[in-house]
Amino acid sequence: QKEVEQDPGPLSVPEGAIVSLNCTYSNSAFQYFMWYRQYSRKGPELLMYTYSSGNKEDGRFTAQVDKSSKYISLFIRDSQPSDSATYLCAMSQTGGSNYKLTFGKGTLLTVNP
Amino acid sequence: DVKVTQSSRYLVKRTGEKVFLECVQDMDHENMFWYRQDPGLGLRLIYFSYDVKMKEKGDIPEGYSVSREKKERFSLILESASTNQTSMYLCASSLLESLNTIYFGEGSWLTVV
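Sequence lines, in order, name chains A and B.
Using the numbering used here, the letters of the first sequence map in sequence onto residues 7 to 119.
Using the numbering used here, the letters of the second sequence map in sequence onto residues 527 to 639.
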């Protein structure tokens, strides 16, 4: 079983839809969970960061972590064409000097006007 | 605003050539990273450095070396480029104890012919 699994999509939704992006993982030692957004031919940019289980909201974006199920989600409300990008989940065992970030392979999202 | 600058966005090199990819960050970050990103394989860590002249191998260091002579600069070196090193290369940086705040450059697209 891969350490982090992410549905590659592609996912295509109409403008205004609620989008749900998900990752599952196998390593129960992961404690820090991140979502990155990557536009075509650009580097990833950090969108959301959460520690352990729970929810975190930032504007139209909500990150959810369920450690008991080893499942994380990113919800995008009122999706916009500018949200069209690849979304990468990432996780690590510690938030300190452990450099090892494990990434999902990314989900390609297209929001149609 | 954190800036990670990769000086070469698009390069075409011949098999066997020595290739240098340069990365500079302007936020006094201790950690610097080199990843490569390939379709279907996601992001893979090549090398990591947590201080000047210090380096650690990542998941796929074979065929690569790195140099960090100054804190703000991290170079990736392909000693003898091969076609299987055609990829997008991403440099990133973070504070020593803040893995959650890893910032990426825009990427360098390398084609080896």
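Think of the hints as simulated: they come from the structure by calculation, not from any bench.
All figures in this text were calculated on a predicted structure; none of them were measured in a lab.
Some hints could be false.
As the list claims (entries may be wrong) - Listed next, the in silico DMTMM-like pairs over lysine to aspartate or glutamate satisfying Cα-Cα at most 20 Å (straight line):
#1 B:544 <-> B:577
#2 A:48 <-> B:577
#3 B:529 <-> A:51
#4 A:48 <-> B:564
#5 A:106 <-> B:585
#6 B:529 <-> B:564
#7 B:581 <-> B:543
#8 B:544 <-> B:605
#9 A:8 <-> B:585
#10 B:579 <-> B:632
#11 B:581 <-> B:595
#12 A:106 <-> B:623
#13 B:597 <-> B:554
#14 A:73 <-> B:554
#15 A:106 <-> B:605
#16 B:581 <-> B:548
#17 A:106 <-> B:564
#18 A:48 <-> B:605
#19 A:48 <-> B:623
#20 A:8 <-> B:564
#21 A:48 <-> B:632
#22 A:106 <-> B:588
#23 B:597 <-> B:577
Structure-based check of each hint:
Taking the CA atoms of residue 544 (chain B) and residue 577 (chain B), the gap is near 25 Å; set against the 20 Å cutoff, the hint is violated. About 26 Å separates the Cα atoms of residue 48 (chain A) and residue 577 (chain B), which puts this hinted pair outside 20 Å; it is violated. For the proposed pair residue 529 (chain B) and residue 51 (chain A), the alpha carbon gap of about 11 Å is at most 20 Å, so the pair holds. At roughly 13 Å between alpha-carbon atoms, residue 48 (chain A) and residue 564 (chain B) fall within 20 Å of each other, so this suggested pair holds.
Between residue 106 (chain A) and residue 585 (chain B) the alpha-carbon distance is near 10 Å, which keeps this suggested pair within the 20 Å criterion. Simply put, residue 529 (chain B) and residue 564 (chain B) have alpha-carbon atoms about 23 Å apart, too far for the 20 Å limit, and the pair is violated. A C-alpha spacing of about 23 Å is found between residue 581 (chain B) and residue 543 (chain B), which places the hinted pair above 20 Å, so the restraint is violated. Our distance criterion of 20 Å between C-alpha atoms is met by residue 544 (chain B) and residue 605 (chain B), whose separation comes to about 5 Å.
Between residue 8 (chain A) and residue 585 (chain B) the alpha-carbon distance is near 15 Å, which keeps this suggested pair within the 20 Å criterion. Restraint check: the Cα-Cα separation between residue 579 (chain B) and residue 632 (chain B) comes to about 24 Å, which exceeds 20 Å; the hinted pair is violated. Note on residue 581 (chain B) and residue 595 (chain B): the hinted pairing holds, with a Cα-Cα distance of about 11 Å set against a maximum of 20 Å. For the proposed pair residue 106 (chain A) and residue 623 (chain B), the alpha carbon gap of about 13 Å is at most 20 Å, so the pair holds.
This hinted pair checks out: residue 597 (chain B) and residue 554 (chain B) have alpha carbons roughly 7 Å apart, not beyond 20 Å. Restraint check for residue 73 (chain A) and residue 554 (chain B): the C-alpha separation of about 34 Å exceeds 20 Å, so the hint is violated. Annotation: proposed proximity of residue 106 (chain A) to residue 605 (chain B) is violated, straight-line Cα distance about 25 Å (limit 20 Å). The hinted pair formed by residue 581 (chain B) and residue 548 (chain B) meets the criterion: a straight-line CA distance of about 16 Å does not exceed 20 Å.
This hinted pair checks out: residue 106 (chain A) and residue 564 (chain B) have alpha carbons roughly 19 Å apart, not beyond 20 Å. This hinted pair does not check out: residue 48 (chain A) and residue 605 (chain B) have alpha carbons roughly 26 Å apart, beyond 20 Å. Our distance criterion of 20 Å between C-alpha atoms is broken by residue 48 (chain A) and residue 623 (chain B), whose separation comes to about 26 Å. Proposed proximity of residue 8 (chain A) and residue 564 (chain B) is supported: the alpha carbons are some 17 Å apart, at most 20 Å.
Note on residue 48 (chain A) and residue 632 (chain B): the hinted pairing holds, with a Cα-Cα distance of about 5 Å set against a maximum of 20 Å. For the proposed pair residue 106 (chain A) and residue 588 (chain B), the alpha carbon gap of about 18 Å is at most 20 Å, so the pair holds. The hinted pair formed by residue 597 (chain B) and residue 577 (chain B) meets the criterion: a straight-line CA distance of about 7 Å does not exceed 20 Å.
Hints 1, 2, 6, 7, 10, 14, 15, 18, 19 from the list above are not met by this structure, while the remaining hints are.
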